[in-house]
Amino acid sequence: MKTLRQSALMVLLVVIAVTTLLPLVWMVMASFMPSGDASSVPPPFFPRTVTLEQYIGLFTRLHLGRSLFNSVLLSVAVTLISLVVNSMAGYAFAKYRFRGRAPLFKLLIASMVIPAQVTMLPLFLLLNKMGLINTYFGVIIPGMASIFGIFLIRQFAMTIPDSLLEAARMDGASDLRIYWSVILPLCKPILVTLAIFTFMGTWNDFLWPLIVMTDDAMYTLPVALANLAGEHVQDTELMMAGSVMTVLPVLVVFAAVQKYYLAGIMAGSVKE
Amino acid sequence: MRAVRRNPVAYLAVLCVCLLPACSGGPAQDTEIQFWAFGSEGENVKALLPAFERQHPGVRVKLQVIPWTAAHEKLLTAYAGESTPDVCQLGNTWIPEFVTLKAIEPLEPWLRRAGLDSTSYFSGIWRTNFIEDVQYGLPWYVDTRVLFYRKDMCARAGFPTGPRTWAEWDTLCRRIVTAKGGHERYAVLLPTTEWAPPVIFGMQKGSLMLRDRNTYGDFSGAAFHAAFRFYIDFFKRGYAPAALTDVMNIYQSFGEGYFAMYITGPWNIGEFSRRLPPALQDVWMTAPLPGPDPGRPGVSLAGGSSLVLFSRSPRKELAWELIRYLSAPEQQIMFYRITGDLPARVEAWQDSALATNIYARAFFEQLKHVAPTPTIPQWEQIAMKVQDFAELAARNKMTVEESLSALDRDVDRILEKRRWMLNVR
Amino acid sequence: MFGSSRARALLIFLGPALLAISVFFFLPVLAALVMSFTDFDIYSLGDIRYARFVGFRNYLQLFNDPLFWKALGNTLYFLVVGGPLSVAVSLGAALLLHSRLVRFKPMFRFIYFMPVVTTLVAIAVVWRYVYHPRFGLLNAAMGALGFSPIDWLGDPDWAMPALIIMAVWKNFGYNMIIFIAGLQNIPASLYEAASIDGAGPVQQFFKITLPMLAPTTLFISIITMIGYFQFFAEPYVMTLGGPMNSTLSIVLLMYQQGFRWWNMGYSAALAFVLFAMILVVSVIQTRVQKQKGDLL
Numbered sequence: 001m002k003t004l005r006q007s008a009l010m011v012l013l014v015v016i017a018v019t020t021l022l023p024l025v026w027m028v029m030a031s032f033m034p035s036g037d038a039s040s041v042p043p044p045f046f047p048r049t050v051t052l053e054q055y056i057g058l059f060t061r062l063h064l065g066r067s068l069f070n071s072v073l074l075s076v077a078v079t080l081i082s083l084v085v086n087s088m089a090g091y092a093f094a095k096y097r098f099r100g101r102a103p104l105f106k107l108l109i110a111s112m113v114i115p116a117q118v119t120m121l122p123l124f125l126l127l128n129k130m131g132l133i134n135t136y137f138g139v140i141i142p143g144m145a146s147i148f149g150i151f152l153i154r155q156f157a158m159t160i161p162d163s164l165l166e167a168a169r170m171d172g173a174s175d176l177r178i179y180w181s182v183i184l185p186l187c188k189p190i191l192v193t194l195a196i197f198t199f200m201g202t203w204n205d206f207l208w209p210l211i212v213m214t215d216d217a218m219y220t221l222p223v224a225l226a227n228l229a230g231e232h233v234q235d236t237e238l239m240m241a242g243s244v245m246t247v248l249p250v251l252v253v254f255a256a257v258q259k260y261y262l263a264g265i266m267a268g269s270v271k272e
Numbered sequence: 001m002r003a004v005r006r007n008p009v010a011y012l013a014v015l016c017v018c019l020l021p022a023c024s025g026g027p028a029q030d031t032e033i034q035f036w037a038f039g040s041e042g043e044n045v046k047a048l049l050p051a052f053e054r055q056h057p058g059v060r061v062k063l064q065v066i067p068w069t070a071a072h073e074k075l076l077t078a079y080a081g082e083s084t085p086d087v088c089q090l091g092n093t094w095i096p097e098f099v100t101l102k103a104i105e106p107l108e109p110w111l112r113r114a115g116l117d118s119t120s121y122f123s124g125i126w127r128t129n130f131i132e133d134v135q136y137g138l139p140w141y142v143d144t145r146v147l148f149y150r151k152d153m154c155a156r157a158g159f160p161t162g163p164r165t166w167a168e169w170d171t172l173c174r175r176i177v178t179a180k181g182g183h184e185r186y187a188v189l190l191p192t193t194e195w196a197p198p199v200i201f202g203m204q205k206g207s208l209m210l211r212d213r214n215t216y217g218d219f220s221g222a223a224f225h226a227a228f229r230f231y232i233d234f235f236k237r238g239y240a241p242a243a244l245t246d247v248m249n250i251y252q253s254f255g256e257g258y259f260a261m262y263i264t265g266p267w268n269i270g271e272f273s274r275r276l277p278p279a280l281q282d283v284w285m286t287a288p289l290p291g292p293d294p295g296r297p298g299v300s301l302a303g304g305s306s307l308v309l310f311s312r313s314p315r316k317e318l319a320w321e322l323i324r325y326l327s328a329p330e331q332q333i334m335f336y337r338i339t340g341d342l343p344a345r346v347e348a349w350q351d352s353a354l355a356t357n358i359y360a361r362a363f364f365e366q367l368k369h370v371a372p373t374p375t376i377p378q379w380e381q382i383a384m385k386v387q388d389f390a391e392l393a394a395r396n397k398m399t400v401e402e403s404l405s406a407l408d409r410d411v412d413r414i415l416e417k418r419r420w421m422l423n424v425r
Numbered sequence: 001m002f003g004s005s006r007a008r009a010l011l012i013f014l015g016p017a018l019l020a021i022s023v024f025f026f027l028p029v030l031a032a033l034v035m036s037f038t039d040f041d042i043y044s045l046g047d048i049r050y051a052r053f054v055g056f057r058n059y060l061q062l063f064n065d066p067l068f069w070k071a072l073g074n075t076l077y078f079l080v081v082g083g084p085l086s087v088a089v090s091l092g093a094a095l096l097l098h099s100r101l102v103r104f105k106p107m108f109r110f111i112y113f114m115p116v117v118t119t120l121v122a123i124a125v126v127w128r129y130v131y132h133p134r135f136g137l138l139n140a141a142m143g144a145l146g147f148s149p150i151d152w153l154g155d156p157d158w159a160m161p162a163l164i165i166m167a168v169w170k171n172f173g174y175n176m177i178i179f180i181a182g183l184q185n186i187p188a189s190l191y192e193a194a195s196i197d198g199a200g201p202v203q204q205f206f207k208i209t210l211p212m213l214a215p216t217t218l219f220i221s222i223i224t225m226i227g228y229f230q231f232f233a234e235p236y237v238m239t240l241g242g243p244m245n246s247t248l249s250i251v252l253l254m255y256q257q258g259f260r261w262w263n264m265g266y267s268a269a270l271a272f273v274l275f276a277m278i279l280v281v282s283v284i285q286t287r288v289q290k291q292k293g294d295l296l
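Protein chains in written order, with my numbering: chain A, 1 to 272; chain B, 1 to 425; chain C, 1 to 296.
Next up, chain A with everything else stripped away, as it sits in the complex:
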């Protein structure tokens, strides 16, 4: 009875796993097919001949390498900068007492409900006045600080006992020193979680880079891919190779840091 139930369960799990994987596996398969092969009836699953022509085309003809570079640069830059900015602010909200702290924090939390889309148009005009349209800063600056990141760090930093900070202060450590040598190391788990979320969020972001980057040399991978998808509808295999290029890096990062990522979600406090 138990083994029967067990095998039924396993079968069900495997069926779901196959369904989940199928589009992704097919994407990889089709990306290795020569042009035109995927558009036949019945649709082939395995490539008849394996070829790298699609990938070569992406990098030589379509210069996707440039977009790959942009995506890496922007994701890393936004992650590093926002980590510093948010952790400083989160720490200040957690451990400094100043007039207006509670109402200010409440205001920030309350404004999290405002969808980012509201700010899009004026933000575009503002960045335009600053001459930042079609520059990396156009993506980095709006991503510099996030209320959610500040909130996350603050919640974590509040659990650090005050006595620890007092002791450091007694030893003559400056405020910056305490932040750098005491707070940051203690906050490491939450920093890692936040870093992963920021990195993946920036990598996968589409709407904002689509608006801000007007020159194809500045496109991120998702924008370049959407651009290609509009242009090369007929070239299934090429599109699949582009999709593999876009998805693979985040999957690798995820596989490497799965534990922190899932822990972040499990904490139940993390929004996308």
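Just so you know, these hints were derived from the structure itself, not from any lab.
Among the hints, a few may not be true.
Said to hold, decoys possible - 30 Å max Cα-Cα, derived DSS-like pairs, lysine-lysine:
| # | chain 1 | residue 1 | chain 2 | residue 2 |
| --- | --- | --- | --- | --- |
| 1 | C | K70 | A | K95 |
| 2 | A | K95 | A | K188 |
| 3 | A | K95 | A | K106 |
| 4 | B | K417 | A | K129 |
| 5 | B | K417 | B | K102 |
| 6 | C | K290 | A | K106 |
| 7 | B | K102 | A | K129 |
| 8 | A | K188 | C | K105 |
| 9 | C | K70 | A | K259 |
| 10 | C | K70 | C | K207 |
| 11 | A | K2 | C | K207 |
| 12 | B | K417 | C | K70 |
| 13 | B | K236 | C | K70 |
| 14 | B | K316 | A | K129 |
| 15 | B | K102 | B | K62 |
| 16 | B | K397 | C | K70 |
| 17 | C | K105 | A | K2 |
| 18 | A | K129 | B | K62 |
Got chain A; can you put chains B and C on it based on the hints?
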């Protein structure tokens, strides 16, 4: 490095310094001309640029290819973001919009210096670039819509050279879809994602589509109404598929005989030659569009693209050089040979490649009967509305009357600003 | 009390974040609010005299615009059908993975979670081909099972279900993880006591698991709803809102009005309507949370 490690502020500073050069986009040694072109024109114009760069040492042309579906919004975004290129291909119907925005430069002084005027060009096409007595663009290639058809399928239905009138066309379509083995087969491909077919039919019936100095919609008017009904009947009678994803690959479907006719432009001469298998090269042909009345050919769109100079360009002299280069008869012929896009320069038509091209003949005929769409900035937005309501009616979600009056209402709202601006001026 | 060095430190810590948030978030929000009462458009960009204050006209026009109602209807369709469906699939997957009988849990968890981290644009490109009426995997599979082919993205009645299926596929792993955490928090003693009382697995599920998961389910429902309110990239890449606007969402309409036609006043009004709807959902969330105790 130790100081950096200890001091977070120093760390931040280093980080910023490291990022800065990467952010400035890198300096260019050569003078770069930013050139935007769309779709297959963009893909193909690449081949013409090296020769230009050889003629102008120290000059590089930075070409950006934008899909047609994103071209219009990309251009407006660039205008709003003050990042327009130096030279751009611009659909003839878009020129009024960019003139109103003062985004593009009048070409008169340059034209005079280069000794170019309307006599070198098709007059109907030249006029689309002429806004309030000023010339803003130089026609690059001409585009009008004609009928591409399968000779074999049309011959079997009794019209070996294609239909000449709306009535003939209707008969031909009926015979094709009712023929034996005609299951899962259509007569015409009229993509509901294109505004051109209903608009062309409207112009053929003599509709101006707008009224009162182009400040109100006139789609419910008798002329457009009749044309629209004709258009919708293609779908109602099963002559044309209302869903488009069926024919994701137009060339393949045409090759399979999934449909026999397609209203499209000159760029597809090249695409059909390239993408259809050799065995099928002899079975397709082009014909001027059928018209509503016997004895009179149907009009078509005065389309195509012109090359324009953006007002913000800091290197207009060089940019003009590029435009002049691309407009020279030799480049026009070359471009025609690569793309099949028909040259705007009349001289170029004497080239043997074009004079002997059997598919180009229909276009030459059609170009004598072309009319422009209303030359107002809002046309693109109106055209999209036409497309929206045409699709609704094609799929039987709205009656012809309902969709046309809804179309007029939406168009009137789009033109509200125009009415106000005309009064302010 | 803090001395001037602490004040300076506070300025260094809080300054960058508050400055960035004020300038690049609060300021644009206010500007958008003002803009929504004007007819600011592409001509106003070139010459500000071409902008007028129009009071509530944008909002009134919005409520008279069939396209807005279409987009709202589509968005709610996505929300009402896609939301519960994806929560149910997440719960099912979580229950399966939580079972003590299952082996290779980490592997399955990893696989189920993979779509969550993938890039939506790439996935939309892939699924556009999966849904292809003639060469797509889905119709081929359905054909093998004897179903007639469906023109998934070309048929106005099927386009939205197609996007929903894709969204469920992409998102169920995320909520599954939260459900697993919720399941782990249910004390085993409850089940033991129920077994002693003679309750079967089905009864246990309805009497213990579901009620104990109620707070988690509520939390998940809310974040799923807020996320689904903002759906954009799927229709942008796969259908451009078509066929016949059957997949036009609020955010896509906003994008088209704002960044395609540059009717910025109108687009801003649309943004605030979206904001109002999300606000209502969030207020309901906090109300219910207060009644049910802490969730976060």
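For each hint, the structure was consulted:
| no. | hint | verdict |
| --- | --- | --- |
| 1 | K70/C to K95/A | violated (49 Å) |
| 2 | K95/A to K188/A | holds (17 Å) |
| 3 | K95/A to K106/A | holds (16 Å) |
| 4 | K417/B to K129/A | holds (25 Å) |
| 5 | K417/B to K102/B | holds (17 Å) |
| 6 | K290/C to K106/A | holds (17 Å) |
| 7 | K102/B to K129/A | holds (19 Å) |
| 8 | K188/A to K105/C | holds (27 Å) |
| 9 | K70/C to K259/A | violated (42 Å) |
| 10 | K70/C to K207/C | violated (41 Å) |
| 11 | K2/A to K207/C | holds (23 Å) |
| 12 | K417/B to K70/C | holds (24 Å) |
| 13 | K236/B to K70/C | holds (24 Å) |
| 14 | K316/B to K129/A | holds (24 Å) |
| 15 | K102/B to K62/B | holds (24 Å) |
| 16 | K397/B to K70/C | holds (13 Å) |
| 17 | K105/C to K2/A | holds (18 Å) |
| 18 | K129/A to K62/B | holds (25 Å) |
When held up to the earlier numbered hints, the structure conflicts with 1, 9, 10 and fits the remainder.
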